[in-house]
Amino acid sequence: MSAEWPLWEVFVRAKRGLSHIHVGSLHAPDATMAVRNARDVYTRRGEGVSIWVVPSDQITASSPDEKDAFFDPAGDKVYRHPTFYDVPVEAKHL
Amino acid sequence: MAPTDQRTDDREAAFYAIVDSDGRIEPRDDMPEAYRRTLIRQIAQHAHSEIIGMQPEGNWISRAPSLRRKAILLAKVQDEAGHGLYLYAAAETLGVSRDQLLDLLHTRKQKYSSIFNYPTLTWADVGAIGWLVDGAAITNQVPLTRCSYGPYARAMVRICKEESFHQRQGFESLLTLTRGSAAQKAMAQDALDRWWYPSLAMFGPPDTGEQVSGGHTEQSMRWGIKRFSNDELRQRFVDMTVPQSEVLGLTIPDPDLRWNDERGHYDFTAPDYDELFRVIKGDGPCNEQRLRHRVEAHEDGAWVREAAGAYAAKQQAKRAEAAA
Numbered sequence: 001m002s003a004e005w006p007l008w009e010v011f012v013r014a015k016r017g018l019s020h021i022h023v024g025s026l027h028a029p030d031a032t033m034a035v036r037n038a039r040d041v042y043t044r045r046g047e048g049v050s051i052w053v054v055p056s057d058q059i060t061a062s063s064p065d066e067k068d069a070f071f072d073p074a075g076d077k078v079y080r081h082p083t084f085y086d087v088p089v090e091a092k093h094l
Numbered sequence: 001m002a003p004t005d006q007r008t009d010d011r012e013a014a015f016y017a018i019v020d021s022d023g024r025i026e027p028r029d030d031m032p033e034a035y036r037r038t039l040i041r042q043i044a045q046h047a048h049s050e051i052i053g054m055q056p057e058g059n060w061i062s063r064a065p066s067l068r069r070k071a072i073l074l075a076k077v078q079d080e081a082g083h084g085l086y087l088y089a090a091a092e093t094l095g096v097s098r099d100q101l102l103d104l105l106h107t108r109k110q111k112y113s114s115i116f117n118y119p120t121l122t123w124a125d126v127g128a129i130g131w132l133v134d135g136a137a138i139t140n141q142v143p144l145t146r147c148s149y150g151p152y153a154r155a156m157v158r159i160c161k162e163e164s165f166h167q168r169q170g171f172e173s174l175l176t177l178t179r180g181s182a183a184q185k186a187m188a189q190d191a192l193d194r195w196w197y198p199s200l201a202m203f204g205p206p207d208t209g210e211q212v213s214g215g216h217t218e219q220s221m222r223w224g225i226k227r228f229s230n231d232e233l234r235q236r237f238v239d240m241t242v243p244q245s246e247v248l249g250l251t252i253p254d255p256d257l258r259w260n261d262e263r264g265h266y267d268f269t270a271p272d273y274d275e276l277f278r279v280i281k282g283d284g285p286c287n288e289q290r291l292r293h294r295v296e297a298h299e300d301g302a303w304v305r306e307a308a309g310a311y312a313a314k315q316q317a318k319r320a321e322a323a324a
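Protein chains in written order, with full-length UniProt numbering: chain A, 1 to 94; chain B, 1 to 324.
Derived by calculation from the structure, the hints in this document are not laboratory data.
Any given hint could be a false lead.
To be verified - Calculated lysine to any residue pairs in the SDA-like style (CA-CA distance at most 20 angstroms, straight line): (1) B:K318 to A:T32; (2) B:K314 to A:L7; (3) B:K161 to B:Q141; (4) B:K70 to A:R44; (5) B:K70 to A:R45; (6) B:K109 to B:R278; (7) B:K318 to B:E306; (8) B:K161 to A:G48; (9) B:K318 to A:P6; (10) B:K161 to B:D79; (11) B:K161 to A:R45; (12) B:K185 to B:L121; (13) B:K314 to A:V35; (14) B:K314 to A:E4; (15) B:K161 to A:V12; (16) B:K314 to A:M33; (17) B:K281 to B:Q45; (18) B:K70 to A:D40; (19) B:K161 to A:H22; (20) B:K109 to B:S97; (21) B:K111 to B:A297; (22) B:K161 to A:E47; (23) B:K161 to A:T43; (24) B:K109 to B:R290; (25) B:K185 to B:V242; (26) B:K161 to A:D40; (27) B:K314 to B:V304; (28) B:K185 to B:V247; (29) B:K161 to A:G46; (30) B:K161 to A:R39; (31) B:K161 to B:L74; (32) B:K314 to A:A3; (33) B:K70 to B:S164; (34) B:K161 to A:R44.
Bear in mind that the values here come from a model prediction, so they are computed numbers and not experimental data.
Looking at chain A on its own, in the form it has when it is part of the complex:
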């Protein structure tokens, strides 16, 4: 049995003005074929105007195990949100 083709993560821009969003993954021998396969697998009904493919092993991710510690610093900084501040109702456009 031959070696398995590498895995690619597929990102699709649904229309101009929107970001590319991850839609899934697929196997392909190279980047060109990955884009072509992604078109056939993930955009059979006009779901996109642009496709990115990224080798899965090139993605660096935060670890889910450290999720609490990693994102904690943002947790107690409520003053980063506009709703933290009380202002008189007469003050408009704030």
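Chain A is fixed; fit chain B onto it per the hints.
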């Protein structure tokens, strides 16, 4: 308690906290080994069903009665391939490779839906598959869009959107036949007669029996990878399908089928579960043919996969040389 047990308990507690609050488990989350194994088997068998499911209909592509029907059927069979790919990719996030999964199918260690072991004898069968088989599949699959494993749930969202086209084209195709000549209408009725009970059997064994007391269903419900019991889904399918058969002007082959006012559901005759188990075990009309065709297609395509791999390696070497 030993420290390792405490850690295992904490990890299980974190897993169940997510599942119990209707959250989603994602690929790199901690999960019980049995959950991972069950999901791999369930998603893989679902993927196998999609790609084996291309065969009974693919059989009719070259004989579709018009260019319109041919284009529709091609698109539908292509969708089934796509569904298989979404699902294999979802299974792979659980740490199993595509080659392993295909190997499990080819060596009969994993199953696919028993429905695809029945033959498509006439053109009306293609319509009946869209209407009944895809209709039953949708009934099974819609609850899975909320299943606890994120990649599986997301794949199911895409699949359900596309299945809706499959079911409608099948219904429309049958409607055309039932509004046609007497021979065409008879062909549609014959297709319903043959596909009705196998479609009911798609929901699996009844809720009372070994399978349930074995704890399979209960465990899957606890894990949020099954939301309704087999009989609940079967009833839902019957209630939905009987009125549609009336629109078609076809008769469901069940003399005991009638509306039960008290229950608010149709009463119906259960499928032959012994037959279901026989077909699952490999003794259906087309088991041999389906698997043989699948393995042949895979082997015949080996040179294409190898050639594409060789080309990619060559290009990569060229680029490396140019960069050096």
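Taking the hints in turn, this is what the structure says about them:
For the given pair, B:K318 sits about 15 angstroms from A:T32 by alpha-carbon distance, which is consistent with the 20 angstroms threshold. A threshold of 20 angstroms between alpha carbons decides the hint, and for B:K314 with A:L7 the separation of about 19 angstroms falls inside it, so the pair holds. Distance hint between B:K161 and B:Q141 is fulfilled; the C-alpha atoms sit about 11 angstroms from each other, no more than 20 angstroms. With a CA separation close to 17 angstroms, the supplied pair B:K70 and A:R44 stays within the 20 angstroms bound.
At roughly 18 angstroms between alpha-carbon atoms, B:K70 and A:R45 fall within 20 angstroms of each other, so this suggested pair holds. Annotation: proposed proximity of B:K109 to B:R278 holds, straight-line Cα distance about 16 angstroms (limit 20 angstroms). A hinted pair counts as satisfied when its Cα atoms are at most 20 angstroms apart, and B:K318 with B:E306 qualifies at roughly 18 angstroms. Only pairs whose Cα atoms come within 20 angstroms are accepted, and B:K161 paired with A:G48 is accepted, the gap being roughly 16 angstroms.
For the suggested pair B:K318 and A:P6, the alpha carbons sit about 19 angstroms apart, so the restraint of at most 20 angstroms is met. A C-alpha spacing of about 11 angstroms is found between B:K161 and B:D79, which places the hinted pair at or below 20 angstroms, so the restraint holds. Between B:K161 and A:R45 the CA atoms are separated by roughly 11 angstroms; this keeps the pair inside 20 angstroms, and the hint holds. A C-alpha spacing of about 15 angstroms is found between B:K185 and B:L121, which places the hinted pair at or below 20 angstroms, so the restraint holds.
Simply put, B:K314 and A:V35 have alpha-carbon atoms about 19 angstroms apart, close enough for the 20 angstroms limit, and the pair holds. A hinted pair counts as satisfied when its Cα atoms are at most 20 angstroms apart, and B:K314 with A:E4 qualifies at roughly 16 angstroms. For the given pair, B:K161 sits about 17 angstroms from A:V12 by alpha-carbon distance, which is consistent with the 20 angstroms threshold. With a C-alpha separation of about 14 angstroms, the suggested pair B:K314 and A:M33 falls inside the 20 angstroms cut-off, and the hint holds.
For the hint linking B:K281 to B:Q45, the alpha-carbon distance of about 14 angstroms falls within 20 angstroms, and the restraint holds. This hinted pair checks out: B:K70 and A:D40 have alpha carbons roughly 19 angstroms apart, not beyond 20 angstroms. A threshold of 20 angstroms between alpha carbons decides the hint, and for B:K161 with A:H22 the separation of about 18 angstroms falls inside it, so the pair holds. At most 20 angstroms may separate the alpha-carbon atoms for a hinted pair to count; B:K109 and B:S97 meet this at roughly 15 angstroms.
For the given pair, B:K111 sits about 18 angstroms from B:A297 by alpha-carbon distance, which is consistent with the 20 angstroms threshold. Distance check on the hinted pair: B:K161 and A:E47 sit about 12 angstroms apart at the alpha-carbon level, within 20 angstroms; holds. Straight-line distance between C-alpha atoms of B:K161 and A:T43 comes to about 13 angstroms, which keeps the hinted pair within the 20 angstroms bound. For the hint linking B:K109 to B:R290, the alpha-carbon distance of about 15 angstroms falls within 20 angstroms, and the restraint holds.
Annotation: proposed proximity of B:K185 to B:V242 holds, straight-line Cα distance about 17 angstroms (limit 20 angstroms). Distance hint between B:K161 and A:D40 is fulfilled; the C-alpha atoms sit about 16 angstroms from each other, no more than 20 angstroms. With a C-alpha separation of about 15 angstroms, the suggested pairing of B:K314 with B:V304 holds against the 20 angstroms cut-off. A hinted pair counts as satisfied when its Cα atoms are at most 20 angstroms apart, and B:K185 with B:V247 qualifies at roughly 13 angstroms.
Of the supplied pair hints, the one linking B:K161 and A:G46 holds, its CA atoms being roughly 13 angstroms apart against a limit of 20 angstroms. Among the hinted pairs, B:K161 with A:R39 is consistent with the structure: their alpha-carbon atoms are about 17 angstroms apart, no more than 20 angstroms. Restraint check: the Cα-Cα separation between B:K161 and B:L74 comes to about 18 angstroms, which is no more than 20 angstroms; the hinted pair holds. Proximity of B:K314 to A:A3 is assessed by CA-CA distance (about 15 angstroms); at most 20 angstroms being required, the pair is judged to hold.
Among the hinted pairs, B:K70 with B:S164 is consistent with the structure: their alpha-carbon atoms are about 18 angstroms apart, no more than 20 angstroms. Annotation: proposed proximity of B:K161 to A:R44 holds, straight-line Cα distance about 12 angstroms (limit 20 angstroms).
Checked against the numbered hints above, the structure breaks none of them.
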